[in-house]
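Student: Here is how the chains run, residue by residue.
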Amino acid sequence: MEDRRPILLVEDNPMDVDLTQRAFAKRHIVNVLEVVRDGEEALDWMARWESGHPQPVVILLDLKLPRVSGLEVLRQLKAHPEYCRIPVVVLTTSREDTDVAAAYALGVNSYIVKPVEFEKFIEVAAQIDLYWCVLNQQAI
Amino acid sequence: MESEANRRIFDSLETGMLWFDAERRIVDANRAARAVLGIAESAFGARIDDLGWGQSDEHGEALAAEARPLWRALHGDGETTSGIVVVQTPRGQRWLRVRAVPVADVGQGRGRGAVVSFTDYTHERDASRSLQESEQLFRMFGDHSLDLMWIVDPRTRKLLYMNSAYERIWGRPAAPLYEDLAHWLDGVDPADRQRVAEAALHANAAGMYQTEYRVNRPDGRLVWIRGRGFPLFDANGRMRYMAGFAEDITLERAHRAAQERLERLVATAPGAVHSYCQDAQGRGRFTFASPAIRDLLGVDAATLVERGIDLLALVHPDEREAVAESLRASADLGSAWLATFRVPHPPARERWLEAHSMPVHEPDGAVVWHGFLIDITERRHAEQEIRSLNIELEQRVAARTAELEAKHREMESFTYSVSHDLKAPLRGIDGYSRLLESDHAHGLDEEGRFFVSMIRKATAHMGDLIDDLLAYSRVERGRPALGPVDPAPVLAAVLDGAAEDAAGGAVALTRSAEPGLNVVGEREGLVLALRNLLDNAIKFTAGRPRREIEVGVRRAGDRALFWVRDNGPGFNMRYHDRIFEIFQRLHRAEEFPGTGVGLAIVRKAVERMHGRVWAESALGQGATFYIELPAVEHSPNS
Chain A
1429 MEDRRPILLV EDNPMDVDLT QRAFAKRHIV NVLEVVRDGE EALDWMARWE SGHPQPVVIL
1489 LDLKLPRVSG LEVLRQLKAH PEYCRIPVVV LTTSREDTDV AAAYALGVNS YIVKPVEFEK
1549 FIEVAAQIDL YWCVLNQQAI
Chain B
3 MESEANRRIF DSLETGMLWF DAERRIVDAN RAARAVLGIA ESAFGARIDD LGWGQSDEHG
63 EALAAEARPL WRALHGDGET TSGIVVVQTP RGQRWLRVRA VPVADVGQGR GRGAVVSFTD
123 YTHERDASRS LQESEQLFRM FGDHSLDLMW IVDPRTRKLL YMNSAYERIW GRPAAPLYED
183 LAHWLDGVDP ADRQRVAEAA LHANAAGMYQ TEYRVNRPDG RLVWIRGRGF PLFDANGRMR
243 YMAGFAEDIT LERAHRAAQE RLERLVATAP GAVHSYCQDA QGRGRFTFAS PAIRDLLGVD
303 AATLVERGID LLALVHPDER EAVAESLRAS ADLGSAWLAT FRVPHPPARE RWLEAHSMPV
363 HEPDGAVVWH GFLIDITERR HAEQEIRSLN IELEQRVAAR TAELEAKHRE MESFTYSVSH
423 DLKAPLRGID GYSRLLESDH AHGLDEEGRF FVSMIRKATA HMGDLIDDLL AYSRVERGRP
483 ALGPVDPAPV LAAVLDGAAE DAAGGAVALT RSAEPGLNVV GEREGLVLAL RNLLDNAIKF
543 TAGRPRREIE VGVRRAGDRA LFWVRDNGPG FNMRYHDRIF EIFQRLHRAE EFPGTGVGLA
603 IVRKAVERMH GRVWAESALG QGATFYIELP AVEHSPNS
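Read top to bottom, the protein sequences are chains A and B.
Numbering-wise, the first sequence is residues 1429 to 1568 according to the numbering used here.
Numbering-wise, the second sequence is residues 3 to 640 according to the numbering used here.
Fair warning: there could be bad hints in the mix.
[To be verified] With a straight-line cut-off of 27 Å between C-alpha atoms, the simulated DSSO-like cross-links for lysine-lysine are:
#, chain 1, residue 1, chain 2, residue 2
1, A, K1492, B, K409
2, A, K1506, A, K1492
3, A, K1548, B, K459
4, B, K409, A, K1454
5, A, K1454, A, K1492
Bear in mind the hints are in silico, worked out from the structure with no lab data behind them.
Could you put together the complete structure from these sequences and hints?
Tutor: Here's what the structure looks like:
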């Protein structure tokens, strides 16, 4: 029952991208990790899905992004009649109440604060995989 | 009177003459006697007693026969007798002065008899009586006069007449004045004596005088007198008398003084005093106004009253209806008329006036307001200036607040991005050092592995520091919503958070909350402060053989006092103030872990609630931390 569609990571920090890839590798997660480096690029991805590119099983979205912010990306995704169904997990350093509230108001599916410790990050990666790629029944 | 010549002589006399015989029979009477007594010649020969004439004396007592002059002359020793006889004759009562002379022969062969002569003074007596009556009337009149009346003969300087008012006004007897006129100055106040005497003296030349002076009564009262004197002339134009009046004007002068005082007050009062009348039909006019009204209304007082100008006509057109309405309300309720309105005033553009007056209802349906108007133009201007200054001040405060809030937001976003940006590289250091440790351990010797673990430890500490710094800055956010807070559930919530430690049997936690006590504060802030204090206590009792922590709240006057007491190592009170500062620590990291932010968060949270935090401790004696907040009475409704 494992969903092997790609996971879309929206993250501008190259080190975080690398560590995320390594964390997923450590847990033997086989889904392809597609990476976009800013908000604008993330929104461009919608056009790809239009032209047949498979939609991701989950989008991991940083909030602090160059050009278009993570919250704006979230807003546009959740305003879309079709793509609003793609689960979005905010993965960020911010534990600000305002950010959490704003994200949930826009319809985010989960909000995870990036741990500093790598071990905890590996656990987070595992849980994401388990919950969104294995257990969650997607609405498609 | 035998002869014709004698008869003519007797008849020409004005004196009445009667001849009587010894039996008192009328023998003869001359023309005057016949005319006065109404005796016809037919009565000759009749006894006088038989004529039925009542005879009485001048006092009206009936005259006995023996007392009458005729009887006495006939029966006497030959002397002439006289007396007054009032006779009731057919012609009325006559007053007669009678003389009777006995004679040896009355003639006509009648022998011895008497001749009675009389003068009729009935007219003189009547005249004198009417004079007396008129004099009496004059005296009565004079004595009923409240004013003193006097008449003096200037040649003899004798007082001829003075009414009883003298004794009443002067309070002195009048008799000495009749002796010596100079006594009239006795009662006059010494200060006025010379002036009054001179005025009276000059009256002779000037004709009339008037003067006011004081009189000291023997009973000590002071009386003010207005004296007037004038000459009286005879038919030939010569001065015969000096006469005059003197009136007591004490009350009048008091009224005059009161009036003058009132006028002075009115003149110096701020604003203008007025009486404003509205008749039954609602037509208004000024019936009185003090001179100052000119400054207020631009119309002088005399013009205002003479022309019957209506106040409403002078009020600014925009406010006329409101002023009329306030007058109607005052008239209807009988309450004071208080109003503020503008009056166009050409030289000064316009004035602001304030009216204060009380209405009085007249019997004819009119209402009169007695009161005053004051000019409040300057006050209005000052008030307006204060208002505009206040508005300006508020705008400046608002601008400054907005500026501060902008700074604050800037600071927040700075802290936010700093923590975000600091954590990203930290994650890299931790992640790669972990990968080095796990994937490349074989390439590292013992020392290398130790270095990596130190890098990871430092990274973890740095992560904690950033988290605490964020927590500290978060305390500042927004304004606290202060209100009554029940401390008991707060304590329960805080202790539940620590229950894990306590449940492990590691810590003996006790709690005490005074019932019925509410504090003014913010629940979240209070929880944050107490949780930090409790975390602190748990941390510092680590390693003790028996860890005891007590948390409680009690009333202290109008304040509520929270405390968290531990049996940890305590601290030197010298460092009391430092422990509440951020990043300040009294212990080395290997003794007790920490970032030095917890107590700074406590202080900040408590200060936001206008409370106070402090600690009491001594080295080795444990420590007690206190939080003081305002208390409110616990009401069942809240």
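Student: Would you mind confirming whether the straight-line C-alpha gap from A:K1506 to A:K1492 stays at or under 27 Å?
Tutor: Holds - the C-alpha atoms of A:K1492 and A:K1506 are around 18 Å apart, at most 27 Å.
Student: Could you grab the alpha-carbon distance between A:K1454 and A:K1492 and see if it respects the 27 Å cut-off?
Tutor: Distance ~26 Å between A:K1454 and A:K1492 Cα, so the pair holds.
Student: Assess, step by step, whether the Cα of A:K1492 is no farther than 27 Å from the Cα of B:K409, and give holds or violated.
Tutor: 21 Å, holds
Student: Are A:K1548 and B:K459 close enough, with their CA atoms no more than 27 Å apart?
Tutor: 15 Å, holds
Student: Would the hint linking B:K409 and A:K1454 be met if the CA-CA limit is 27 Å?
Tutor: 45 Å, violated
Violated hint for the displayed structure: number 4, the only one.
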